[in-house]
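Protein chains: 2
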Amino acid sequence: MKRTLLLTPGPTQVPARLCEVLGRPIIHHRTPQFQAFLKEAVEGLKYVLKTQNDVYVLASSGTGAMEASVVSLLSSGDSALVVEGGKFGERWTELCKAYGVKATVIKVQWGKSVDPAEIKKALDADKSIKAVFVTHSETSTGTNSDIEGIGKVVKNCAAVLVVDAVSGLGVQDLQTDNWHVDVVCSAAHKGLMLPPGVAFISVSAKADALMAQSKLPKYYFDLRKYKKAWTQVDTPFTPAIGIVIALVESLKMIKETGIDNMLSHYARLAKATRAAALGLGLTLFADESAISNVLTAVKLPEGIDGDKVLKMMRDTHGISVAPGQDAIKGKVIRIAHMGVIDEYDILTGIACLEKVLKQLGHKFEMGAGVAAAQKVLNP
Amino acid sequence: MKRTLLLTPGPTQVPARLCEVLGRPIIHHRTPQFQAFLKEAVEGLKYVLKTQNDVYVLASSGTGAMEASVVSLLSSGDSALVVEGGKFGERWTELCKAYGVKATVIKVQWGKSVDPAEIKKALDADKSIKAVFVTHSETSTGTNSDIEGIGKVVKNCAAVLVVDAVSGLGVQDLQTDNWHVDVVCSAAHKGLMLPPGVAFISVSAKADALMAQSKLPKYYFDLRKYKKAWTQVDTPFTPAIGIVIALVESLKMIKETGIDNMLSHYARLAKATRAAALGLGLTLFADESAISNVLTAVKLPEGIDGDKVLKMMRDTHGISVAPGQDAIKGKVIRIAHMGVIDEYDILTGIACLEKVLKQLGHKFEMGAGVAAAQKVLNP
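Heads up: the protein sequence lines correspond to chains A and B, in order. Under our numbering, the residues of the first sequence are numbered 1 to 379, in order. Under our numbering, the residues of the second sequence are numbered 1 to 379, in order.
Some hints here could point you the wrong way.
As the list makes no split between identical chains, a pair holds if one copy fits it or if it spans any two.
[To be verified] No more than 30 Å apart at the CA atoms, straight line, and that leaves these computed lysine-lysine pairs for BS3-like: (1) Lys308 to Lys39; (2) Lys255 to Lys50; (3) Lys121 to Lys107; (4) Lys127 to Lys308; (5) Lys225 to Lys271; (6) Lys228 to Lys331; (7) Lys50 to Lys271; (8) Lys228 to Lys102; (9) Lys311 to Lys228.
Worth flagging that the hints you see were computed from the coordinates, not collected in a lab.
Could you build all of it, start to finish, from the sequences and the hints given here?
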């Protein structure tokens with residue numbers, strides 16, 4: 001009879017309407033019927049990405065889309081600029097390193113976001129930089145990047161702007177075209193509410209030109225193959241058919257609500273979550289100026305182990321949040337408010353956190369968290 | 001009210017029992033609950049692969065597993081031997097080329113299979129060959145390779161034997177350990193009856209030693225990362241959670257029947273399909289000595305276009321078979337007998353083929369195909 005609630009930054013909960021689609025008999029992918037689904041999925045992704053750029057659909061996790069951008073854009077020995085303010089920023093550096101791309105790294109303190117002026121300085125200092133790799137919402141810290149500001153800087157350079165929006169897409173605003181983002185890497189199991197297995201990537205004309213020159217070795221993640229296959233409304237390799245078909249339905253749900261209404265909804269839930277944490281005498285990990293609406297990293301008081309909080313919430317109460325990683329392991333928990341989550345889910349998560357914190361000896365007035373959230377939700 | 005029947009070599013039909021699992025709410029992958037599923041999936045895959053080797057699970061199509069083997073085993077400039085007797089053999093050559101691996105190619109006429117003595121000759125002629133890439137069941141032609149014979153040759157060399165068993169696993173016998181196969185690449189949407197999105201790969205100790213020396217650039221398909229993650233019963237990147245959980249159920253179904261009973265079942269269906277084709281006055285594309293139990297490529301008479309046959313079967317009657325590719329496009333249709341397919345499905349497919357052939361003017365006695373199949377099925 002135990003409730004199950006995922007307040008985790010991917011996978012997120014799959015709505016019943018999508019579960020039903022995922023449970024349907026499979027169809028073959030080289031059919032007009034599947035082509036219609038693929039076309040509709042790509043159109044829907046363009047709507048969520050706010051772009052007219054080409055969008056390619058991959059069968060992989062989000063990291064696959066990130067790798068596709070590196071290997072499809074660059075050549076060995078090329079220079080790139082990476083912004084590293086958490087685990088996922090580090091992934092860009094690792095990918096560059098794996099493929100012999102010379103990465104200049106701007107290290108940002110965890111919980112803060114990069115100042116676009118820093119990027120301008122680095123681009124001015126090295127005109128050979130071909131790509132700038134940044135993270136939209138850094139899931140490990142709950143921070144948000146100023147992609148609009150970064151876009152303004154990069155659009156005037158030869159370099160392309162590549163954004164990892166795996167966890168943030170559909171939750172925190174990303175205006176691909178208005179903000180001059182050349183490549184967006186994302187996946188369907190975060191804001192798009194599906195099981196993992198589908199990633200996708202949007203490519204601007206500027207990035208497409210760079211792609212034509214790329215010499216890094218590649219095959220499965222060679223976006224030129226996807227571009228060519230797309231002229232026949234096809235994919236070069238077997239797509240994750242079932243998830244792509246469910247993606248069409250998920251994108252319909254998002255269109256029915258309206259993407260900007262979705263973003264406002266998550267902003268409201270994030271604000272309530274932050275208020276709840278403060279109401280319990282806890283503090284937020286991310287800087288106020290850089291705070292993300294995708295998830296909230298909450299610092300725990302000295303003497304309370306975050307991993308223990310997570311285990312008690314999950315194993316006793318069925319409510320999952322995410323742990324701190326690396327240097328902040330055990331020191332924070334991360335509460336995601338993304339996917340099919342409403343205000344009552346947030347209140348449920350906070351109520352469970354209160355219960356567990358009380359058991360672990362944290363001093364606060366029982367109910368202070370849910371009350372603070374409720375005030376924000378009903379101003 | 002139209003029936004839907006997939007007699008295609010992947011995706012194959014998803015049994016209702018698995019559809020139900022695919023439609024369940026998602027769980028998080030970094031939990032003891034998912035770890036239990038992943039462990040059970042790997043154990044089940046070892047059973048089907050007939051191996052004690054390590055098995056790693058990827059979120060990709062089957063090609064991803066093939067790429068993982070190339071990039072994880074080899075270094076730029078290494079020599080490899082590739083057997084090419086169809087589209088999927090060619091994929092090995094393309095992968096080697098993409099990564100700067102020097103491939104010596106044994107070209108085999110489409111519809112025939114390689115003589116292991118040819119492989120021995122090539123290995124004797126070039127001792128620097130580090131890997132031999134072959135195809136278990138060549139889906140484009142309906143031929144089967146003598147993996148046992150090839151294994152006997154390769155086991156005595158420094159080279160490792162890498163087998164693409166994407167379409168044939170669980171349908172045509174593959175005794176990984178007994179036959180000395182170092183690496184098997186496969187996927188879950190063929191014999192294992194699931195939607196596409198999960199691939200997997202088994203790695204012997206001999207291949208593991210080669211992996212340690214590999215210098216090709218890689219990240220998502222770096223099997224060393226999968227090996228390391230597996231020590232914590234984890235995957236380095238988000239797995240296709242929903243499909244992995246359904247895979248546990250699919251493997252249970254296979255165990256309940258017994259893998260060798262499954263193989264005999266498909267051998268029987270293949271024999272009936274071949275008899276039906278001959279009964280209709282058609283011929284088989286693959287050489288009798290090399291014929292596969294996975295799918296039957298049937299040659300069409302002069303003047304009858306296979307692509308038209310396929311479209312009429314699919315669009316009018318809801319029954320899907322696969323087309324001929326490249327040089328044999330339009331000249332054959334390929335009827336798969338894999339996954340959750342029984343003798344009545346085969347009779348249905350043949351009956352539909354008869355109906356369409358009659359409409360297209362082929363001369364035969366109506367019912368001769370189903371009668372020939374029925375005789376084989378009930379000797």
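Among all the numbered hints in the text so far, which are the ones the structure does not match?
-> The structure breaks hints 4, 5; every other hint is satisfied.
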